[in-house]
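Student: Since each chain comes alone in its own frame, lean on the hints to assemble the complex.
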Amino acid sequence: MKILIIEDDPETAGYLQTGLREQGHSVECVGNGRDGLLLAAGQPFDALVVDRMLPGLDGLSVLKTLRGAGVKTPVLLLTALGGIGDRVEGLEAGGDDYLVKPFAFAELLARLNALVRRPPLNDVPTVLRVADLEMDLLKRSVTRGGESIDLQPREFQLLEYLMRNAGRVTTRTMLLEHVWDFHFDPKTNIVETHISRLRAKVERGRSRELICTVRGAGYTLNDDPA
Amino acid sequence: MTTLPRLFRTASFRLAAAFALIFAVSALILGGVVYWTTHAALEQQMNSRIMADFDRLRGEFQTGGQAQLAAEVRRTAGRPGALHELVADAGGTILAGDMTAVPQPGWSTIEPHRMPSDESELVGIRTLTVRLPDSTLLAVGDDLEWIEDADEAIFHAFSVAVLVTLGLGIAGGALLSVAFLQRVDAISRTAEAIIAGDLASRIPVRGTGDDLDRLSNTLNHMLGRIADLMEGLRQVSNDIAHDLRTPLARLRQRLERVRATAASVDDYAVAVDAALAETDTLLETFAALLRIAQIEGGARPPVRDPVELHVIVETVVEAFTPSAEEDGKILVSPRLDPAVVAGDRELLTQMLVNLVENAIRHTPAGTRIEVDLTAGSGVVRLTIADDGPGVPAEERGRIFRRFYRLERSRTTDGSGLGLSLVKAIADRHEATVSVSDNRPGLRVSLDFNLHDGASAQPAGGGHPVTAQHSR
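From first to last, the protein sequence lines are chains V and R. The first sequence stops at residue 313 when you use my numbering, and every number in between is there. The second sequence stops at residue 509 when you use my numbering, and every number in between is there.
Bound conformation, chain R alone (with noise of 0.2 Å):
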């Protein structure tokens, strides 16, 4: 019974065992006072019946001297229900009754002894004794056997009641600490699980709704966050060890090469060159990953402030444009409502930037490439659609995957990292993104909330919606 300390340790049990003793001592509290003034009653009721029968035989030595009264005596005492009585001469010779012993004048208490009538019963008796105006002594008694008859009842049930109520306290404490130490042992078992390597251990809700209830869901979502950021360590970690050394390996190689090699300082140039190059590229890698698990991260909380969404685009795509026409390809924006959400400006024009060069790069000449911001009914849709050459379907859940590049696009240079990022900013922002088929090319999605108008409005305090060409 390995449990049973932890038992007696557990915050419920103390509050039933405190409750259980408070109880009791109640009990035994009115117990002592039922007794006493039971006890009280019944000796004076025993007093009134003593004086009583005293009376009555006081009576008779009145009329007829010692005689009568020890005649009267005899004939009464030690009848069942009577009262024990005595009459002694002055000398202290028992004359009659059915007392053992000559009692001390006035009243006392003659220790138990055993009856004649009943050798087996052991009572003690409460006697009034008087000396009679000729010197006989009168003694009158009850015994005592009654009144602790009562006591010993009373205290009886009284101990009955306390242990009674003891047990339950204890034993209805003992289940609810069962109860508690399950659910308490049920999120040490989940935080051992998790401790020892098992991420996806998760503690048991009841469904209830109760204070534990809501422990064990505070808790879990706290766990979910924390495997979040573990699976993200986690894959930053593989990327790098993947996507990094690969790179790192060939520009050693080509290295060792020149070294080997080279035969004239231009050589030497050459490499240099291409060496640099190639640096540039995995520290543009390295810096699009740890921006990435910034972002995924959280490091520290996210930009609220109010952001023109169509200011972005509008920008975004007029910088494109150029670029865009030389590759043959269309960068339009045929719509663009007017819309504010709360963000970081910064991030969420990178985010844009990614999504459009991703459109450009992985389409063919003549391409059009469609940028449309709507805004409607508290929800705000950012969509980048291409009539390029689009992704297999069951290919679309994986594009945002770090360094996931269809097959096709190998050839062309870039991290694999641009949409990525693109997710993580996209996730900071509680935006949702969905990627479709545009029949044909790529439709990509981001649905955000509406800027709360009222708790911020942009720096310049205008309303954003008459801001859509700020230019």
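The following block holds chain V by itself, in its conformation from the complex (with noise of 0.2 Å):
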């Protein structure tokens, strides 16, 4: 995909640039938030990397400039270490995700995936399936191979957020920020006990594994028809 880097750092920017480019997609870097303005507006691009202090215009300025043009392109912000309401902010200006400074390439990749990829909003299916694993979002029941699985509310968000990001990778602090709605990093390892609860009653008895961990960066749910 055609990915939009608006960043005045240039080793951020040169490290994002490297790191996208590996995945194979196609980036643009601009150093301020002008050059970057007048490139968003004026080209499609996939996803926009936007870092919230940049010279000249400021980040925040430039999503809502591109908002206020009707431009729906995906922006993914950046910001310096955590300031109190940065996020609210960041998301009532236009952005649709939000990312704090400094960050794993992986959790950045991740979220870039997962907003690139979001369903349209009025395509809402009423049931996921992925493999064998079906779930029902009327009746809020979840069977395997026909087989039905018995899960705590919170297990089925859990799993509902994988099975709607099926084959994509799904970090960490993304699940807690949307499934427990925690917008910082507890010391806990809470979503490690969740997700290994979830699989002992997904994958009980089955010797095909669904819920896989990858390594240094999250969760997949494997939809391979294999």
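Everything labelled a hint here was simulated from the structure, so no lab data went into it. Check the hints yourself; a few may be wrong.
Restraint-style ranges between C-beta atoms, simulated for each label pair [what the hints assert, rightly or not]:
1. R/373 - V/128: 39 to 47 Å
2. R/46 - V/144: 54 to 62 Å
3. R/237 - V/211: 58 to 66 Å
4. R/441 - V/228: 46 to 54 Å
5. R/363 - V/228: 54 to 62 Å
6. R/295 - V/110: 29 to 37 Å
7. V/110 - R/304: 21 to 29 Å
A short list of chain R residues far from chain V (calculated; beta carbon distances all over 12 Å) [to be verified]:
8. 44
9. 76
10. 89
11. 102
12. 141
13. 170
14. 181
15. 219
16. 249
17. 297
18. 339
19. 372
20. 388
21. 483
Small disclaimer: the values here were computed from a predicted structure and weren't measured. Virtual Cβ for every residue (Gly too), placed ideally from N, Cα, C.
Tutor: Written as structure tokens, this is what we have:
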């Protein structure tokens, strides 16, 4: 996909550019808000990565102007060490996701992927399917190979998020944000324990593993039809 | 007297001086009016006396002519209390009387001259001089002295009044100003002491509740707030200096050692992983410090949204139950009253998470951790209690300090900032934190003020109390 990076720190920009190109994306970088705004408004991009602190025109203003002009490209905002309320401000300005520096590249990649492949709002499925796992969102029931699996409400939410993002990496912080609404990093491995409980229920007696751990990044629901 | 010019420049002195001046001018005007009316009345009286005496003498002339007139004048002139009289013939020769010169006909004033009777006094005389039918000149006059005496008395009285008014006004203004200046000086001295570095200095308050007292109280309040912020800033600098230097130095040593001793790519990979982990810890600590400083510093006004505290407790307890169980601990919330407080949902969640994590991390297996939320009579109490080893009474006051860790928890990882963040968030929400003995174990209680439900309802609109189990 085609990604525009608006970031004034050449080192960070270079780090992102190299990493994203290795993943096969086409990347453009600009170092200030004005150029970024012109570029983003002039050409179609699949996603924008915008730093909040930019020389000339800051990231939030770029974002507001773009949204004001009707540009709906998904935007991932980057910010320096977490200020209170920064995240809310960023989302209110029209950002789709928010990442605090310093971040792991895997985290940024997972979030960008989630942003770009976010399904349109009007396309709301009532049943999610991954391999032989089936989730009925209306009946709140889960079956695997026809066998019913009994899940706690939070486990259901966790599985739902993984299924909606099947085939893509979901990071620990993404799960914390979307399943528990925790916008900080607890020291306790709550995600791991919940995943292992979910696994125990979903994978019980099965040879084929569905919920996979991606080392150093997060989890993915394996949707290979193998 | 270096204070003198300042004294005159004070507002209270200027006001007092202006009033004194206005009173003085009024006294002067009043004095002038009294002077003129009195003077005119006295002159009128004098003229009448002269006219009466003149009529009497003209009567003598009409009955006995010049000779009888002269005789009468000789008889009365110069007597004490009598008027001055003079009779002269047509040639101007004085026939009788006690005047030294013949005045012009008509009303006139004889300039002061020495009276023959009393050599010491200079007196002006007002005279009426008329030429009688046989050309005889008759003059009757009266001393101006007593009009002058009256004038002088009035002038003196009002001069004294004006001087006293001015004097009292200026003295009163000066006194007021001295009192005012003393208090202003006290404020200045406090400010200067603070500029010089004594941040504990405060403006003395007299306790009378007057406007200067109120101003002083407000300023003291402001100074207290500034001192808190300064203290926070100073502490953050100290914390960074002490607690970030050590791990940074350790990281550097490790990297140095690896460069000197590493033999293979694998050695480097291990070292890089270790360095990354160490860097992450440092960044975490740094982020936590900044967050605490931001929350304490009040960089932005606190969020005052209605927050359903019971939902937070429910979510957090549910999220941490599996981890606690894995650690062999029990995490429960036996009592969960619905309670809405005003605040920042994200921060309150983090606060509870830190407290629960703290309880899980620093207790042995088998510990029971209870999170209770009780709401009653305007106060919401959130309690996190465990039956673990607890914290010694003398240490309890210190657990909210930055980087504070009980000696036995040194071996576990963690920055020692979790509870500092709890305290900062509690303070921002005007919640009182208390730490007590759970017999055995540690009990941390937070008292919140119940959110005023009438002013702001939760976004959902429903009454908070109905939403105990929202899922």
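Student: Does the hinted range 54 to 62 Å hold for residue 46 of chain R and residue 144 of chain V at CB?
Tutor: Since the Cβ atoms of residue 46 of chain R and residue 144 of chain V sit about 56 Å apart, the hinted range of 54 to 62 Å holds.
Student: If I claimed the Cβ atoms of residue 373 of chain R and residue 128 of chain V lie 39 to 47 Å apart, would that claim hold in this structure?
Tutor: For residue 128 of chain V against residue 373 of chain R, whose Cβ atoms are near 56 Å apart, the range 39 to 47 Å is violated.
Student: Please test the hint of 54 to 62 Å on the beta carbon pair from residue 363 of chain R and residue 228 of chain V.
Tutor: For residue 363 of chain R and residue 228 of chain V the Cβ distance comes to about 26 Å; the hint is violated.
Student: Can we trust that residue 76 of chain R is non-interface, i.e. its beta-carbon lies farther than 12 Å from all of chain V?
Tutor: Consistent with the label, residue 76 of chain R stays out of reach of chain V, its closest Cβ about 83 Å off (over 12 Å).
Student: Classify the label on residue 219 of chain R as holds or violated, using whether its beta-carbon is more than 12 Å from each beta-carbon of chain V.
Tutor: For residue 219 of chain R, whose nearest Cβ neighbour in chain V is about 45 Å away, the distance exceeds 12 Å, so it holds.
Student: Can we trust that residue 170 of chain R is non-interface, i.e. its beta-carbon lies farther than 12 Å from all of chain V?
Tutor: Holds: least Cβ distance 114 Å, greater than 12 Å.
Student: Are all C-beta atoms of chain V more than 12 Å from that of residue 339 of chain R?
Tutor: violated (10 Å)
Student: Just checking, residue 372 of chain R versus chain V, shortest CB gap more than 12 Å?
Tutor: holds (20 Å)
Student: Minimum C-beta separation from residue 89 of chain R to chain V exceeding 12 Å: can you confirm that?
Tutor: For residue 89 of chain R, whose nearest Cβ neighbour in chain V is about 102 Å away, the distance exceeds 12 Å, so it holds.
Student: Look at the Cβ atoms of residue 110 of chain V and residue 304 of chain R and judge whether their distance stays inside 21 to 29 Å.
Tutor: holds (26 Å)
Student: Check the non-interface label on residue 181 of chain R: least C-beta distance to chain V beyond 12 Å or not.
Tutor: For residue 181 of chain R, whose nearest Cβ neighbour in chain V is about 98 Å away, the distance exceeds 12 Å, so it holds.
Student: So residue 44 of chain R supposedly isn't at the interface. Is its beta-carbon more than 12 Å from every beta-carbon in chain V?
Tutor: holds (47 Å)
In summary, the structure is inconsistent with hints 1, 5, 18 and 20 from the numbered list given earlier, while agreeing with the others.
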